[in-house]
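A.B. asks: Place chain B on chain A using the hints.
Residue numbers (the numbering used here), protein chains in the order written: chain A, -10 to 357; chain B, 61 to 368.
Treat each hint with caution, since some may be false.
[Claimed, not checked] Restraint ranges, calculated between C-beta atoms of paired labels, are given here:
| # | chain 1 | residue 1 | chain 2 | residue 2 | range |
| --- | --- | --- | --- | --- | --- |
| 1 | A | 41 | B | 323 | 55 to 63 angstroms |
| 2 | A | 199 | B | 345 | 46 to 54 angstroms |
| 3 | B | 205 | A | 219 | 46 to 54 angstroms |
[Said to hold, decoys possible] Which stretches of chain A does chain B cover? Using the computed rule of at least three CB atoms under 8 angstroms from a CB of chain B, they are:
| # | region |
| --- | --- |
| 4 | 15 to 27 |
| 5 | 280 to 287 |
[Claimed, not checked] Residues from chain B shown here face chain A by an in silico Cβ test under 7 angstroms; the list is partial:
| # | residue |
| --- | --- |
| 6 | 148 |
| 7 | 341 |
| 8 | 343 |
| 9 | 348 |
The hints are simulated quantities; they were obtained by calculation from the structure and are not laboratory data.
Model, not experiment: these values are computed from the prediction.
We put the beta carbon where it would ideally sit given N, CA and C, even for glycine.
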Amino acid sequence: MKKKLYNETIYRLLIIVVAVLSALIVGAILLLIAKANPLKAYYVMFTEPLSGKFGLTEILVRAAPLMLVGLGIAIAFRSGIINIGGEGQIMIGAIFGTFIALTFPNLPTYILLPFVFIASFIGGAIWGGIAGWMKAYLSVNEILSTIMLNYIAFQVYMFLIRGPLIDPQEVSYGTGVPQTALLSKNAWLVRIIPASRLHAGIIVAVILAILVYIFLWKTTIGYRLRAAGAEAKAAKYIGVNVKNYLVLAMLLSGGFAGMAGAIEVCGVHHRALESISAGYGFSGIVVALFGGLHPLGIIPASAVFGLLIVGADMMQRSVTVPASIILAIQGLIILAIVSSQIFFSNIALKEKIMIKLKLMKSGDKDGS
Amino acid sequence: MVLNFIIGIISAGIPLAAPLLLASLGEMFNQRAGVFNLGVEGIMLMGAFVGFLVVLTIGSPVLGFLAAILVGAVMGLLMAVVTVKFKAKQGISGIGLFMLGWGLSGTLFRVYVGGITSIEGIRTFSFPLLGKIPIIGEIFFQNNILVYITFLLVPISWYVLNKTAWGLKVRAVGTNPQAADTLGIKVERIRFQCIILGSMMAGLAGAYLTIAQTHIFADNITAGRGFIAVALVYFGKWKPAGIMWGTLLFSLAHALQRSIQVYGINFPYEIAVIIPYLLVIVVLALSYKSQLLGPAALGKPFIRGSRE
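Isolated chain A (complex conformation) (with noise of 0.2 angstroms):
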């Protein structure tokens, strides 16, 4: 029994690995057709953010907002819901974070920062909740609903941050940059690596995942959800209100991509600035996807993607090849991951191969 559980770990591992390899073959290929030497640019991008305290510590500052909309993401996918609004929801929950953190400057921190948060939850929240209800009472495709919004949410976002919210000092020297006024030090995430910019979101965001981890397995309303996505006619029979779970974990969803927006805030930029979704609403899915839309597998799956989003940066550098790349490899990686699941979900074909590879006789039949 242990020996075929282990067996299956090996399998699921091995597919998961081939998939990610296949998405970087073809992306050494792009990485062709935009005149790089691919081995050096996969050798800069996953080497050289390992080799030194910076790169280290900025793969966890990626890592924070990541681990945050991947979480969501995660929750929306397992009730059955794709919210691919993590951009909008960040922006949302940013500008809410950020509006508390402007009016309320001298609270102290203990209380400013968990109000902030809150606040940044409650908008990325709303942002969700909306593209939620569409889904479970107009039947709205709740991905073309979030990417509107996502949309919607930029425009309003800049509107804000260059009219009513913009710093009075850009204002004055005649700049006008379009950000907001920088926050006080009461609303600013400690550093807990000097001379670096990381900060204690990350923690922040493991202590998050492992409460999320708790929700969904160890909760009636995490199983209902569960329930709700896995097999929405079942859940019904059993009592399951799945449209209220929908809205539920959309709420949930856009709350937590609304929190990467205060970490992004609070942690690193200290104001809120044009780009502060930074493309993390959509490595977010990638994110989720590679960790198995599971909360203790999106730790990890955040460092990866925080390591490749350093690297690319460091790419850019020293091979020339614009970091924008990196998007194009995480749709790969998405296309490849999602085509992979067909191992898992054909049953012939994966005894085949489970056969061929040795890690099972022919005759045990799966599931015994």
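C.D. replies: This is chain B only, laid out in the frame that chain A set:
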């Protein structure tokens, strides 16, 4: 004054409708065969870039459009392999394709072009005589050639879908693939054909944006048009004519928003830009009942022998 304003909006709106209509008709073929391709946005971005690059380096708009169609076909092939062969979840696959197209077009633009450059591309031309008719001439007979081709595709698509053997197969595959399979229709082959056809149209739609409309390329130049095109398929109830009215509604709203800015009516720019996206959400919310009219097998991968 008021008449000029209205004519201005209509004559600006019709050419704006062309790229949406091209992409949306393509997506209609996808969906009628049962596949939901959200990668349209990414394909359009790649088509926009490749078309732009070809015109910039070679100077031929025709070759630019052909290159964009070719790139669309390649991306469609990828989408088809993922969703039909590997039977992956279609929604999330489309997002992967979108990120691929977005990231790659942005990267290649920086590598091969660098900064904002404008191209000659194709411009509007006025029909002899017809273009001189007041009002009607201005609205209907002073567009670029691709606008006419695009609108001609509406009856052609209707004919192909409803009056040809292939169209019948497409509808069968999208409605009941199991039954189609037992009748000897090659479900996977039809789906491959539809995805690739739809993607070629999306590539062309992207190239239209750069070659015939804006004459520049910029990162993320499509600004959600690919996703709007997908939403318009719902709005048009999976029928070419319905889709055409939907795209016209959208492009007129777009033209109205631009004239508001041009005329300097006091209105925050950001709020005006939101209008089309809000409209999509409203349209989707209002047309939720029509989802029942959609292809029955939409979004479901075909697995031979499964009972669903």
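A.B. asks: It remains to establish, for every hint, whether it holds in the given structure.
C.D. replies: Hint check:
no.: 1; hint: A:41 - B:323: 55 to 63 angstroms; in the structure: holds, 56 angstroms
no.: 2; hint: A:199 - B:345: 46 to 54 angstroms; in the structure: violated, 37 angstroms
no.: 3; hint: B:205 - A:219: 46 to 54 angstroms; in the structure: holds, 52 angstroms
no.: 4; hint: 15 to 27; in the structure: holds (count 4)
no.: 5; hint: 280 to 287; in the structure: violated (count 0)
no.: 6; hint: 148; in the structure: holds, 4 angstroms
no.: 7; hint: 341; in the structure: holds, 5 angstroms
no.: 8; hint: 343; in the structure: violated, 10 angstroms
no.: 9; hint: 348; in the structure: holds, 5 angstroms
In terms of the numbered hints stated before, the structure departs from hints 2, 5, 8, listed from lowest to highest.
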